[in-house]
Each structure stands twice: as structure tokens, then as C-alpha cells.
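Going down the list, the sequences are from chains L and A. Whatever position you read off the first sequence (first residue = 1), add 11 for this note's numbering. Every letter in the second sequence is one number past the one before it in this note's numbering, and letter 8, counting from 1, is 5.
To be clear, the hints were calculated from the coordinates, so they are not data collected in a lab. Computed from a predicted model, the values in this text were never measured in an experiment. Glycine included, every Cβ here is placed at the ideal spot set by N, Cα and C. Hints may contain errors.
Pulled a few chain L residues facing chain A out of the computed Cβ check, cut under 8 Å [what the hints assert, rightly or not]:
1. G14
2. W38
3. L54
4. A62
5. F101
6. Y110
7. E111
8. P116
Cβ-Cβ distance ranges computed for the label pairs, FRET-style [unchecked claim]:
9. L/L50 - A/Q55: 41 to 49 Å
10. A/V52 - L/R28: 45 to 53 Å
11. A/K107 - L/Q29: 25 to 33 Å
12. A/K53 - L/S91: 41 to 49 Å
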Amino acid sequence: DAGITQSPRYKITETGRQVTLMCHQTWSHSYMFWYRQDLGHGLRLIYYSAAADITDKGEVPDGYVVSRSKTENFPLTLESATRSQTSVYFCASSTGKSYEQYFGPGTRLTVT
Amino acid sequence: GQQVMQIPQYQHVQEGEDFTTYCNSSTTLSNIQWYKQRPGGHPVFLIQLVKSGEVKKQKRLTFQFGEAKKNSSLHITATQTTDVGTYFCASSRAAGNKLTFGGGTRVLVKP
């Protein structure tokens, strides 16, 4: 049982490039979330999804795009990467029946 | 919006000693969750509290939800090196909905 996986685990990209971070879960959880983690800011919600084809903005959505065509996948796209988007990105999922969230291993993104 | 504040931001603990970290909110919370993140790892769910005054224990960890549901605490007894990491509290307004995380308490253990 793979649970929740993220790819790539590490990514270096240049300013202005588009980059997509992948998230895949095998539990058929309804809810999926994207967070970024930066020193001094803890975990901040970027976008979340309550079900396939239903997404909504979180605390820091600017510069990011998400989609959810299938329940198990929730990709996060940086349309034109900026240095301020250098961060560790975590995907998480939840059943929707409880508050507990399960986190993926994270993607460390560096924008040069 | 809903905010949860954690104190202290850093906690240096001698191995074998006890310590407590706190999570505070200016508004009444419907629930509190605690997560632990080991260095280089991802947050892992520890516990959830939903009732006023609720106390739950996990081995050496004791979690408490305040009577007014505006604060919570995590107390660790006889700290071990395996307790190293950052402890986050988080709260959600509704089941399965988005969580608001506190800034975390980073715990360092001195052997």
C-alpha cells in the first residue's frame, strides 16, 4: 500500500519556467491539500480539493494552479516560477469524515 | 481568520526532563489536532481532541484541550532523543475541511 506519494522529491528550476508537482494517493480519500513550508511560516495552505473537479483556494494561492480530474491525483503547477516559491511542498489527503490529514513525503523545490 | 499560536517556538530540553508546549487561539476551536515532524520528514498525525477539557495520553505524551476550547497543550515526560522534531497544533472548522496550523515548536534534546 503506497499511501500518498509525491514526485519529484527534489527539483531545481529557473525563474519563469513552468513546473508541476505531482501528488498521488491510493486511499480514495475525498479531500486533498497542498501546503508549502518555509522557515518562520510553518505550514501554509495553497489549495485544496473536496472531490474530483472541486478545488478551492487556501491561504497563499497566488502563482499556483491546481486540477483534480481524478480522485487519486492532485497536481500543483507553478505557472511561472519565482524565487519566492522556493520551498518544501507537501501534499496531504483526508477522508472527509475526520479531521486527520495524511501527508506525503514532500517535494523540495529550488527556483534559481 | 482563525489563527492558532504556538509557544515556545524553540524548546531545548535535557534528556530525561519534562516539557510542555502550548497552542492558543483567540477564538473558540471546534477541535485540535497535533502533528509531529521529524527533521527532514513530513508531518505525522498524533492525536485529535474535540471535547472541552479533554485529556488524552500516548505513552509519555499527554494532550489536553482547554475548558474554553481556546487552548491546548502537549506535555512530554522523560524526554528522549526520539522526541526530537517539530510539533504542530492545527484546527479545522469542519470535518475534512482545511486546517490552520500553528507555527510549531521545534524540540531539541540534549543527551
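**OP:** Look at the Cβ atoms of A/K107 and L/Q29 and judge whether their distance stays inside 25 to 33 Å.
**Re:** With Cβ atoms ~46 Å apart, the hint is violated.
Original post:
Quick one, is the L/W38 hint okay against chain A at 8 Å, beta carbons?
Top reply: It is violated, given that the least Cβ distance between L/W38 and chain A is near 13 Å, above 8 Å.
Original post:
How does the Cβ-Cβ distance of A/V52 and L/R28 compare with 45 to 53 Å: does it lie in that range?
Top reply: The hinted range 45 to 53 Å holds for A/V52 and L/R28, with Cβ atoms some 50 Å apart.
Original post:
CB of L/L50 to CB of A/Q55, is that within 41 to 49 Å?
Top reply: Violated: the Cβ-Cβ distance is about 28 Å, outside 41 to 49 Å.
**OP:** May I ask you to test the interface hint for L/F101 with respect to chain A, counting a Cβ-Cβ separation under 8 Å as satisfied?
**Re:** 6 Å, holds
Subject >> Satisfaction of the L/G14 interface hint, Cβ to chain A closer than 8 Å >> reply: 11 Å, violated
**OP:** For the hint on L/E111, just tell me whether its beta-carbon gets within less than 8 Å of chain A.
**Re:** 5 Å, holds
Subject >> L/P116 as an interface hint toward chain A, with CB separation required under 8 Å >> reply: Holds, because the Cβ-Cβ distance from L/P116 to chain A comes to roughly 5 Å (cut-off 8 Å).
**OP:** Just tell me: holds or violated, for the beta carbon distance of A/K53 and L/S91 against 41 to 49 Å?
**Re:** Holds, since A/K53 and L/S91 (Cβ atoms, about 46 Å apart) stay within the stated range.
**OP:** Using Cβ atoms only, decide whether L/Y110 comes closer than 8 Å to chain A, and label the hint accordingly.
**Re:** 5 Å, holds
Subject >> Hinted contact L/L54 with chain A - closest CB pair below 8 Å >> reply: Where the cut-off is 8 Å and the nearest Cβ of chain A is about 4 Å from L/L54, the hint holds.
Original post:
Would the stated hint for L/A62 survive a check requiring a Cβ distance to chain A of less than 8 Å?
Top reply: 10 Å, violated
Checked against the numbered hints listed earlier, the structure breaks hints 1, 2, 4, 9, 11; every other hint is satisfied.
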